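Engineer: Protein chains in written order, with the numbering used here: chain A, 1 to 131; chain B, 1 to 131; chain C, 1 to 131; chain D, 1 to 131.
These are computed hints drawn from the structure, not numbers from a lab.
Any given hint could be a false lead.
Which copy is meant is left open, because identical chains are indistinguishable; a pair holds if it fits in one copy or across any two.
As the list claims (entries may be wrong) - As a list, the in silico DMTMM-like pairs of lysine to aspartate or glutamate whose alpha-carbon atoms are at most 25 Å apart:
#, residue 1, residue 2
1, K126, E6
2, K100, D112
3, K100, E38
4, K100, D127
5, K84, E25
6, K113, E6
7, K126, E23
8, K113, D127
9, K28, E91
10, K100, D37
11, K84, D37
12, K84, D112
13, K9, E114
14, K100, E114
15, K100, E20
16, K113, E3
17, K28, E114
18, K126, E114
19, K9, D37
Predicted model only: the values in this text are computed from it and were never measured.
4 protein chains.
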Amino acid sequence: MTELKEFFKNDRYAALSGIELLEVEPGKATTRMSIRDEHLNAGNVVQGGAIFTLADLAFAAAVNAYGNLAFSIETSIRYFQSAKSGILYAEARVLYLHRKLATCEVTVTNQDKELIALFTATAYRKDVVNQ
Amino acid sequence: MTELKEFFKNDRYAALSGIELLEVEPGKATTRMSIRDEHLNAGNVVQGGAIFTLADLAFAAAVNAYGNLAFSIETSIRYFQSAKSGILYAEARVLYLHRKLATCEVTVTNQDKELIALFTATAYRKDVVNQ
Amino acid sequence: MTELKEFFKNDRYAALSGIELLEVEPGKATTRMSIRDEHLNAGNVVQGGAIFTLADLAFAAAVNAYGNLAFSIETSIRYFQSAKSGILYAEARVLYLHRKLATCEVTVTNQDKELIALFTATAYRKDVVNQ
Amino acid sequence: MTELKEFFKNDRYAALSGIELLEVEPGKATTRMSIRDEHLNAGNVVQGGAIFTLADLAFAAAVNAYGNLAFSIETSIRYFQSAKSGILYAEARVLYLHRKLATCEVTVTNQDKELIALFTATAYRKDVVNQ
Numbered sequence: 001m002t003e004l005k006e007f008f009k010n011d012r013y014a015a016l017s018g019i020e021l022l023e024v025e026p027g028k029a030t031t032r033m034s035i036r037d038e039h040l041n042a043g044n045v046v047q048g049g050a051i052f053t054l055a056d057l058a059f060a061a062a063v064n065a066y067g068n069l070a071f072s073i074e075t076s077i078r079y080f081q082s083a084k085s086g087i088l089y090a091e092a093r094v095l096y097l098h099r100k101l102a103t104c105e106v107t108v109t110n111q112d113k114e115l116i117a118l119f120t121a122t123a124y125r126k127d128v129v130n131q
Numbered sequence: 001m002t003e004l005k006e007f008f009k010n011d012r013y014a015a016l017s018g019i020e021l022l023e024v025e026p027g028k029a030t031t032r033m034s035i036r037d038e039h040l041n042a043g044n045v046v047q048g049g050a051i052f053t054l055a056d057l058a059f060a061a062a063v064n065a066y067g068n069l070a071f072s073i074e075t076s077i078r079y080f081q082s083a084k085s086g087i088l089y090a091e092a093r094v095l096y097l098h099r100k101l102a103t104c105e106v107t108v109t110n111q112d113k114e115l116i117a118l119f120t121a122t123a124y125r126k127d128v129v130n131q
Numbered sequence: 001m002t003e004l005k006e007f008f009k010n011d012r013y014a015a016l017s018g019i020e021l022l023e024v025e026p027g028k029a030t031t032r033m034s035i036r037d038e039h040l041n042a043g044n045v046v047q048g049g050a051i052f053t054l055a056d057l058a059f060a061a062a063v064n065a066y067g068n069l070a071f072s073i074e075t076s077i078r079y080f081q082s083a084k085s086g087i088l089y090a091e092a093r094v095l096y097l098h099r100k101l102a103t104c105e106v107t108v109t110n111q112d113k114e115l116i117a118l119f120t121a122t123a124y125r126k127d128v129v130n131q
Numbered sequence: 001m002t003e004l005k006e007f008f009k010n011d012r013y014a015a016l017s018g019i020e021l022l023e024v025e026p027g028k029a030t031t032r033m034s035i036r037d038e039h040l041n042a043g044n045v046v047q048g049g050a051i052f053t054l055a056d057l058a059f060a061a062a063v064n065a066y067g068n069l070a071f072s073i074e075t076s077i078r079y080f081q082s083a084k085s086g087i088l089y090a091e092a093r094v095l096y097l098h099r100k101l102a103t104c105e106v107t108v109t110n111q112d113k114e115l116i117a118l119f120t121a122t123a124y125r126k127d128v129v130n131q
């Protein structure tokens with residue numbers, strides 16, 4: 001999966017956001033973000049968009065690791081606690097895999113393993129021959 | 001609403017992402033993002049997280065403009081087309097306002113007014129006295 | 001569209017629920033439900049599932065009216081007010097139509113045109129040749 | 001929890017739909033529905049609204065079992081497989097409990113323990129004194 005990690009290094013928005021892909025295999029991926037001042041919103045907690053992007057990279061990695069090009073159709077995210085400092089992790093796990101669709105759940109936790117957000121998403125998978 | 005615009009300049013993740021708050025009034029707001037290389041994902045289209053963050057700032061502005069501190073509980077986003085270059089706009093409109101909850105719909109369009117994504121979100125509103 | 005109306009008369013759960021398809025054309029449909037005691041939950045307001053089913057039939061009709069068989073992938077619903085009596089209407093409108101996917105928004109209102117719920121859904125469309 | 005089971009027997013839409021509450025405790029509940037002809041849609045599979053209602057009763061039971069009156073704000077549901085016959089079960093589990101909000105995940109499975117749908121929902125909890 002070294003190749004996939006290399007491929008996702010080309011996600012420039014994740015790079016801008018300081019998000020790192022730690023692990024990836026078909027149907028699973030983990031990302032990490034050390035909270036910095038630039039992740040905060042006007043209320044001084046981590047912006048929802050930064051949490052979303054952290055989870056989105058884990059989702060993208062997990063669903064693309066099967067080999068087909070997959071892209072996001074829809075996502076819902078629910079926030080449980082705000083985060084101000086420390087490290088956030090996102091762990092993605094594919095719940096159901098169709099030929100054309102994949103649904104993935106991503107939990108975002110902090111360094112104390114407290115649940116920060118839940119991200120659930122569906123990807124559309126292109127046929128391998130169409131890529 | 002100049003005050004609110006100033007307040008949201010302190011959203012450091014929106015600033016990092018090159019997102020600008022154009023207009024805000026109670027229940028409505030518009031944001032803009034000129035697509036740059038740093039917004040792209042590994043597939044060379046704008047990362048879902050960048051589109052989300054653009055919409056999220058419009059949502060936050062629209063629901064906070066009533067005067068209560070409001071924070072996001074949940075969001076769903078649906079993507080219709082990918083974007084590679086040009087300018088993206090997000091227009092937020094509150095659909096329903098309760099004392100404690102507000103639901104907002106945000107459309108993301110490109111410079112040709114084509115629909116890129118639909119973002120729908122609910123905020124929890126703190127009582128004014130609790131702030 | 002008389003044929004489609006006939007087809008959806010075979011939706012036995014909608015029939016059980018007292019839901020009627022009023023109008024349907026490609027990308028649009030309207031359904032109606034007169035609130036009866038059997039729609040209420042233990043808290044004596046219309047059960048969320050009944051509101052969902054009302055909206056779901058409008059969605060199914062609007063996305064199937066293009067001619068391809070379409071089935072639901074995912075839905076989000078947000079509730080604004082409870083309903084206890086009177087008539088509920090659901091109006092579906094397709095927001096974006098791809099070859100393989102369709103996204104639809106459905107508003108649920110009461111007889112006074114007050115917004116009761118917002119239902120947003122994505123359908124997967126089978127190719128005509130595959131039917 | 002016999003009292004709660006009795007309370008939810010008064011959910012008339014669940015009763016109309018042939019849905020039974022099997023077990024409930026704070027944060028957890030299970031419901032069951034034996035598929036009958038009246039649950040089917042025009043395509044002869046279980047209507048999305050019936051699956052939703054099955055999950056919704058489990059959610060309502062799980063979040064109300066803490067003692068506060070709780071009502072649904074929003075739900076997202078994702079469908080994985082259609083069901084035509086047999087028995088469906090919904091198992092609800094609260095993922096996060098705030099003073100005013102509760103988020104719950106419900107899995108819908110068939111009699112072979114295959115995943116049919118995933119339902120995720122947020123409830124607003126009234127203060128005990130306000131009831």
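Engineer: Determine for every hint whether it applies to the structure shown.
Structural biologist: Hints, verified against the model:
1. K126 with E6: within (21 Å within a copy, 35 Å between copies)
2. K100 with D112: between (37 Å within a copy, 23 Å between copies)
3. K100 with E38: neither (37 Å within a copy, 29 Å between copies)
4. K100 with D127: both (8 Å within a copy, 13 Å between copies)
5. K84 with E25: neither (30 Å within a copy, 28 Å between copies)
6. K113 with E6: Answer is neither: 28 Å inside a copy and 35 Å across each miss the 25 Å cutoff.
7. K126 with E23: within (23 Å within a copy, 35 Å between copies)
8. K113 with D127: neither (37 Å within a copy, 29 Å between copies)
9. K28 with E91: both (7 Å within a copy, 24 Å between copies)
10. K100 with D37: neither (40 Å within a copy, 29 Å between copies)
11. K84 with D37: Classified as within; 9 Å inside a copy, 28 Å across copies.
12. K84 with D112: Only inside one copy: K84 and D112 sit 13 Å apart there, 38 Å across copies, limit 25 Å.
13. K9 with E114: neither (27 Å within a copy, 30 Å between copies)
14. K100 with E114: between (34 Å within a copy, 19 Å between copies)
15. K100 with E20: neither (28 Å within a copy, 33 Å between copies)
16. K113 with E3: neither (29 Å within a copy, 36 Å between copies)
17. K28 with E114: both (20 Å within a copy, 20 Å between copies)
18. K126 with E114: The answer is between: 23 Å across copies meets 25 Å, while 35 Å in one copy does not.
19. K9 with D37: Result: close both inside a copy and across copies, 22 Å intra and 14 Å inter.
Checked against the numbered hints given earlier, this structure breaks hints 3, 5, 6, 8, 10, 13, 15, 16; the rest are met.
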